[in-house]
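Chain by chain, the residues:
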Amino acid sequence: MAATTVIAAGSVVRGHLTGQEDLLLQGRVEGSVALQGNLDIEADARADATIEAVTVRIQGTVVGRVVAREGIELSASARVRADLVAPRLVIAEGALFAGAIDMSGAPVARPVFTAPAPAAPAQPVATASPVGQPSLAPVGQPSLALGDDDDDPELPGGVDAKNIAFKKKK
Amino acid sequence: MAITHIGSTLVIEGEISGSDAVVVQGRVKGSIETSQGVVIENSAHVEANLTLDTLEVAGDVKGNVTAASRVEIKPEGKMVGDIKAPRILIADGAHFKGNIDMDVGR
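First to last, the protein sequences are chains A and B. Read in order, the letters of the first sequence correspond to residues 73 to 242 in the working numbering. Read in order, the letters of the second sequence correspond to residues 5 to 110 in the working numbering.
These are computed hints drawn from the structure, not numbers from a lab. Among the hints, erroneous ones may be present.
List of simulated lysine to aspartate or glutamate pairs, DMTMM-like, C-alpha gap at most 25 Å [claimed, not checked]: (1) B/K33 <-> B/E80; (2) B/K82 <-> B/E60; (3) B/K82 <-> B/E45; (4) B/K33 <-> A/D120; (5) B/K88 <-> B/E45; (6) B/K33 <-> A/E102; (7) B/K78 <-> B/E60; (8) B/K33 <-> B/E60; (9) B/K33 <-> A/E93; (10) B/K33 <-> A/E145; (11) B/K33 <-> A/D94; (12) B/K66 <-> B/D86; (13) B/K33 <-> B/E51; (14) B/K66 <-> B/D105; (15) B/K33 <-> B/D57.
Given the structure is predicted, the values throughout are model-derived calculations rather than measurements.
Build the full structure now, drawing on both the sequences and the hints.
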């Protein structure tokens with residue numbers, strides 16, 4: 073079982089830190105951290121660092137860059153000025169954050185159009201033709217083409233235009 | 005009393021400093037500076053200058069040590085470097101190469 077490294081509240085580590093285990097940070101780190109494990113940054117802890125880990129939970133202060141293979145969580149007490157890269161991200165109410173977020177690098181490539189897809193059945197006309205629901209199945213397809221196939225005879229052109237506008241926004 | 009614990013898979017290149025006791029199971033290259041004790045465990049490899057209160061060596065240490073009170077090299081410990089400390093223990097079986105200065109603070 074992987075051990076856990078603890079950097080206690082009165083300790084400062086400057087330099088490069090790598091490992092295959094979890095790290096609990098209560099003190100300070102300046103430099104870089106690369107872990108094949110989870111990083112937990114406690115409320116009074118501070119990291120001025122480039123961080124790579126599986127999951128990163130932040131309750132303290134982080135300045136730099138955080139790359140997590142699975143997820144990043146900013147708790148209410150977190151103060152973060154950093155770029156975040158992770159497939160999953162939680163920012164709790166009360167957390168202070170400034171920086172860029174990139175969630176596109178998910179290990180499992182997710183279909184880009186998952187957000188527009190649920191909007192299609194929300195159209196009121198969908199009740200008229202339940203055939204409209206298969207629009208969920210070909211997820212990767214642009215919803216515009218689907219709308220044309222199914223609903224063109226019944227829909228006024230205005231709805232199509234709305235559909236296009238929505239797509240462009242995304 | 006808080007303890008900074010460097011686990012067995014961890015590698016630190018740089019410096020550790022502060023006011024906590026430090027236990028090293030992994031690798032440290034650079035320096036360790038603390039007002040408390042430091043324990044270098046069996047699995048540890050430390051290539052660093054050490055400034056501390058007490059030192060216990062059961063692993064590999066290369067570097068110079070300045071201890072405010074005590075240095076102990078355990079039977080399984082290996083140490084290469086100079087030691088400055090008022091009290092020094094070298095156990096039967098321990099390896100040591102370097103200079104010893106026990107005149108600290110006198």
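Now the hints, each set against the structure:
no., hint, verdict
1, B/K33 <-> B/E80, "holds (20 Å)"
2, B/K82 <-> B/E60, "holds (11 Å)"
3, B/K82 <-> B/E45, "holds (11 Å)"
4, B/K33 <-> A/D120, "holds (20 Å)"
5, B/K88 <-> B/E45, "holds (20 Å)"
6, B/K33 <-> A/E102, "holds (15 Å)"
7, B/K78 <-> B/E60, "holds (7 Å)"
8, B/K33 <-> B/E60, "holds (17 Å)"
9, B/K33 <-> A/E93, "holds (18 Å)"
10, B/K33 <-> A/E145, "violated (31 Å)"
11, B/K33 <-> A/D94, "holds (20 Å)"
12, B/K66 <-> B/D86, "holds (9 Å)"
13, B/K33 <-> B/E51, "holds (5 Å)"
14, B/K66 <-> B/D105, "holds (17 Å)"
15, B/K33 <-> B/D57, "holds (19 Å)"
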